[in-house]
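Colleague: Taking the hints as your guide, dock the two standalone chains into a single complex.
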Amino acid sequence: MKQLAPILPKRSTLMRGVASKFSNINWPAFVLLAPAVIALFVVGIYPLLFALDVSIRQYQLTKPYLGTPYVGFQNYISVIGDVLFWQALLRTALFFVLTVPLQVILGILISLFLDTLNNKYLSYLLRIILVLPIAITPTVIGLVGRLLFNRDFGFINFLLSLIGVDPIPWLGEPLPAMLTIALVDIWQWTPFITLVALSGLTLIPNDILEAGQLDAGRGWHFFRSIQLPYLLPGLTAVLILRTADILKLFDMVFVLTRGGPGVSTELVSLYVQRIGFRVFDMGVASAQAILLLILCIVLSRAYIRFFYREVQV
Amino acid sequence: MIKLYRVSTSATRLLIAIFLIVAFLFPIYWMLTTALKPLRDTFAIPPVLIFQPTLEHFEAVFAEGAVLRSLRNSVVVSILTTVAALLLGVPAAYILARFEFRGKANLWFWIISNRFISPIVVALPFYLIARNLQILDSFIVLVLVYLTFSVPLVVWLCIDQFRAIPREVDEASYVDGANLWQTFVLVNLPLAIPGIVVSAILVFITSWNELLFALLLTRNEARTAPVEAANFMTGFGIRWGPMMATGALIALPVLIFSLIVSRNLIRGLTMGAVK
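Sequences listed follow chains A and B, in order.
Anchor point for the first sequence: position 271 equals 271 in the working numbering, and the numbering is continuous, going up by one each time.
Anchor point for the second sequence: position 214 equals 214 in the working numbering, and the numbering is continuous, going up by one each time.
I should point out that these hints are in silico values taken from the structure, not numbers from a laboratory.
Computed from a predicted structure; not experimentally measured.
Do not take every clue at face value.
[Unchecked claim] Here are some chain A residues the structure puts well away from chain B; computed CB gaps all over 10 Å:
#  : residue
1  : 65
2  : 78
3  : 86
4  : 96
5  : 102
6  : 132
7  : 141
8  : 152
9  : 165
10 : 217
11 : 220
12 : 277
13 : 286
[Unchecked claim] What the simulated footprint calls covered on chain A by chain B, stretch by stretch (three residues with Cβ under 8 Å from a Cβ of chain B suffice, anywhere in the stretch; the number is not a length):
#  : segment
14 : 26-39
15 : 106-117
16 : 178-192
17 : 242-248
18 : 257-265
19 : 290-301
[To be verified] Restraint-style ranges between C-beta atoms, simulated for each label pair:
#  : chain 1 : residue 1 : chain 2 : residue 2 : range
20 : A       : 80        : B       : 25        : 28 to 36 Å
21 : A       : 152       : B       : 164       : 49 to 57 Å
22 : A       : 211       : B       : 181       : 46 to 54 Å
Glycine included, every Cβ here is placed at the ideal spot set by N, Cα and C.
Excised from the complex, chain B in its bound form (with noise of 0.2 Å):
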């Protein structure tokens, strides 16, 4: 009796995993799969699950080149801006988790509250000083903008990373004749890296996902992949395959990636809010 519960219990236990799995990555399969599909069987009824792969999509994205050259921008874009956030944002927490000093709860709070002001809001006033400056269209208006959400992100980790390492660890350094930068950068950011990191994964991905800012501040010369990609929605008649392939391949590093780092990124994603 008891013996055939637990079977019972650990088969719907299996079951419901299954079924979450599958929930989860089901839509990523279909686009993946869409990319790899005859039209034709993209409309068919049932949908078909078996069917001969084509890299005619893939080929039909490569030969327009426009989708290549945005993933180029995406990638310089947010490399450019994971370097500069943690330039600004890594030795900033450093101050902020070691000195007390008048007005660092508002400084701290200021900091913070970057987090919740909606893109929109800076997106406007940024368009038109952007547009006085003549640097619309540009990679350096890009990166500017996206300071706003990265350095934030990147002070809101590492000032916990650098709280966890004791201060003790300071005193003796200062004991053997070093100074406060040479503290930072050669006792206390080697033991840092953890934070560091996920806090550079987390401003990658974001930045490499973001549409609206790249929407509006852009047109041609620096134009971001999900700018391109949300182009096809424009215009009559959707091309439902190179666009899924378009999809692909902006989705797909980021999925690897995440992959890869997945325990990094858990870590990094739940830190903010169970902090």
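For reference, chain A alone in the conformation it holds in the complex (with noise of 0.2 Å):
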């Protein structure tokens, strides 16, 4: 927190304005940051150093006569040794190439389509359309997955009978149920790079545009000299952000598998909220979670040095 303490204006003229004689901290200014800081500190620091005192614990729910003893690293011994926690992540690294370089290829071409559409109004009703799968509710895209997917009546065994494929057992076998999930969030995060990518290609100022089309057309080399170093900066966030949201992902895999079936599906957060929280044991949970985090944090670490390097902040 005193890293904190001398807020200075930038401008001297400020400075007299509002920094007393007796201290350099202009208080006003604190006072307007101080709350948030305070209460991402309570909410966000204080339960990490919880779980961290945590996993060095012995914490079982439900064994709450053998006490939390400390039992130093054996946690994290027991979860680096533990073959379905590595699983998990590999499963979670399986999800990511399934469903991450798919999106950005058809959300770069939907982006190109709907950049080359003349059509006013069928553009803006696809751009407003492409919101949806964003904001509705993983929870209920899982259920509706459930019904879409199912053996029996799905929409999609029947789709698939038109052309003469047997009906396939989405959610009741573990690659089917592992293409299942990965073709939902395709579903519901192509739009997003779309998006991404469409604000990227409005950024291409007019006049490159016009000459880069006399000189080079409209295809591939177009395409590869001038439009894409529009749409880099763009494309190399959302790659960063779907690594750490699917890190994240939890809701639609729970609702739609619950991580079946067996462990099949079972991406690393619902590895972890299973230990936790069918298991209850809390101690290994949490050394698990720190684990998690140590790769978020270098995940995160990664994604500000190299998108905010030019931004003063």
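Modeller: Structure (structure tokens):
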């Protein structure tokens, strides 16, 4: 908190006005900033410290008679040796590979399509519709997924039957279940990438567009040399945001498959949740959470390093 | 020749556009129609597109009351979270946008990095702390835990908004004899309304949609709508009709709301990524 103390206005004229003689702290400014910092400290940092403490204890909610003695790094050792934990992480990585590349490709294609769509109304309508999958409650989408991917009367299997494919037990077998949650994620998040790419495309100045068109027409070369440079910053941001989102992903998968069948769609947050709230081993779950937190911090550092290196903070 | 080509490309475009519209709307359409279909039509093969709509599933949901109560809880929690996040986040964003101080980069980095922390990491200790304080299953515990994502979101979006307001505006205000708070409230806030609205919309929708925290931190009293909906998946024999009716009751307000504010929403969603 100490680093927070001296809030000095940038301009000296400001400083004379508000900073008092006996202190270089700008109290009026401090008062505006402090509540948010304190609140985030209480709800953000304190629980993490608490988790850190729990992670080095034996902490089984179902066995209160055992107490909660410190056990050192035992929980961490058991997490690191836990094949299921690593499998859950690997599964999460697989989910990333199944979804994000396709989302990026489809997102760019749709944004290019919208960019060249001359029908104003159609283009406007599509843009609005793109917002809906992003805004809709993921829990509800999970429920709708249960219905659409039902083996016996789901609409997806009906569509497939039209081209002669036998009913697929989407939610009943490991690989189809993984594909199901990937497809739902693609449906939900491709629009986000489309909107980001679209806003990148609108940044291209008109004269560059015209010059490029004269030079290269509108094919692949035009895309690579004129449009892609404007898309890259947004796409890299999207890539890292998606990485964080997939590490967080819980609701849609929880409702759609509960991590099953077996553990075939149990992504990392579902696994930690199960250990904490089904097995009630809070010590081990907290150790897993701390390891996950370290992963998140590394990622967020990468993100902010990458993106905000030019932006002055 | 050229004309023919033009016609065919514009026809293809129209087809692609229609395909995209159908693809993105279909799950929502299917949810709504299933909520309005008699149960036997839900299981029909081939699926029926024309049916006698019925309100029986909605009536069943209303009769039980649990869903309505959970919707009310969701409204309360989402509004409280939005108000709290704005009250905390907007002033902080203003200071971060206007002042330089030691450790500012670290502070800012910390606030923003909250966005990357997986909720399960926070949910575990929050559950244990709330259990010790005996505030599990209350609005206050949900609002508190929702601050972990909503305050960073507000700060993130509003900093940009305040930076876009020229410093000269502040200086003019000081010359007129206003102090810092007056300059913030009377001069900057009105100019920052668009950014504040965008962040309020995003916080509200995120809180409304949230499942993990609500699932783990509430039981009955404060149970929110997504938890109630997820409950349909437990037990034997899924009640498809009431389930979809509940889904519609949860999703429709968000969908209608986001259609109304779609321009702002698009701005908010892309701002975090593009900026």
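Colleague: All the hints need checking, so say for each whether the structure fits it.
Modeller: Here is how each hint holds up against the structure:
Residue placement check: residue 65 of chain A keeps its beta carbon more than 10 Å from all beta carbons of chain B (closest about 17 Å). Under the 10 Å C-beta cut-off, the non-interface status given to residue 78 of chain A relative to chain B holds; the minimum distance is some 16 Å. Listed as a non-interface residue, residue 86 of chain A keeps its Cβ farther than 10 Å from every Cβ of chain B; the least gap is roughly 17 Å. Separation of residue 96 of chain A from chain B is adequate, the least Cβ-Cβ distance of about 14 Å exceeding the 10 Å criterion.
Residue placement check: residue 102 of chain A keeps its beta carbon more than 10 Å from all beta carbons of chain B (closest about 14 Å). Residue 132 of chain A, annotated as away from the interface, has a beta carbon of chain B within 10 Å; the closest lies near 6 Å. Annotated as non-interface, residue 141 of chain A brings its C-beta within 10 Å of a C-beta of chain B; the closest such distance is 7 Å. Not every CB of chain B is more than 10 Å from the CB of residue 152 of chain A (nearest about 8 Å), against its label as outside the interface.
With a minimum CB-CB distance of about 14 Å to chain B, residue 165 of chain A clears the 10 Å threshold, and the non-interface call stands. With a cut of 10 Å on Cβ distances, residue 217 of chain A stays outside the contact zone with chain B, its closest approach being about 15 Å. For residue 220 of chain A, the shortest C-beta to C-beta distance to chain B comes to about 17 Å, beyond the 10 Å cut-off, and the non-interface label holds. For residue 277 of chain A, the shortest C-beta to C-beta distance to chain B comes to about 6 Å, within the 10 Å cut-off, and the non-interface label is violated.
Listed as a non-interface residue, residue 286 of chain A fails to keep its Cβ farther than 10 Å from every Cβ of chain B; the least gap is roughly 6 Å. Check on the segment 26-39 of chain A: 9 of its residues sit with their Cβ under 8 Å from a Cβ of chain B, so the three-residue criterion for coverage holds. Check result for the segment 106-117 of chain A against chain B: holds, 3 residues qualifying (beta carbon to beta carbon below 8 Å, three or more required). Residue count for the segment 178-192 of chain A with a Cβ under 8 Å from a Cβ of chain B: 3. That meets the three needed, and the coverage hint holds.
A count of 3 residues in the segment 242-248 of chain A with a Cβ less than 8 Å from any Cβ of chain B is obtained; the coverage claim is therefore met, three being the minimum. Counting residues of the segment 257-265 of chain A whose beta-carbon sits less than 8 Å from any beta-carbon of chain B gives 1, not enough to reach three: the coverage restraint is violated. Evaluation of the coverage hint for the segment 290-301 of chain A: fulfilled, as 8 residues show C-beta separations to chain B shorter than 8 Å, against a requirement of three. Residue 80 of chain A and residue 25 of chain B have their C-beta atoms about 46 Å apart, which leaves the hinted 28 to 36 Å range violated.
Remark: the range hint 49 to 57 Å for residue 152 of chain A to residue 164 of chain B is upheld by a beta-carbon distance near 55 Å. At roughly 50 Å, the beta-carbon separation of residue 211 of chain A and residue 181 of chain B lies within the given 46 to 54 Å, and the hint holds.
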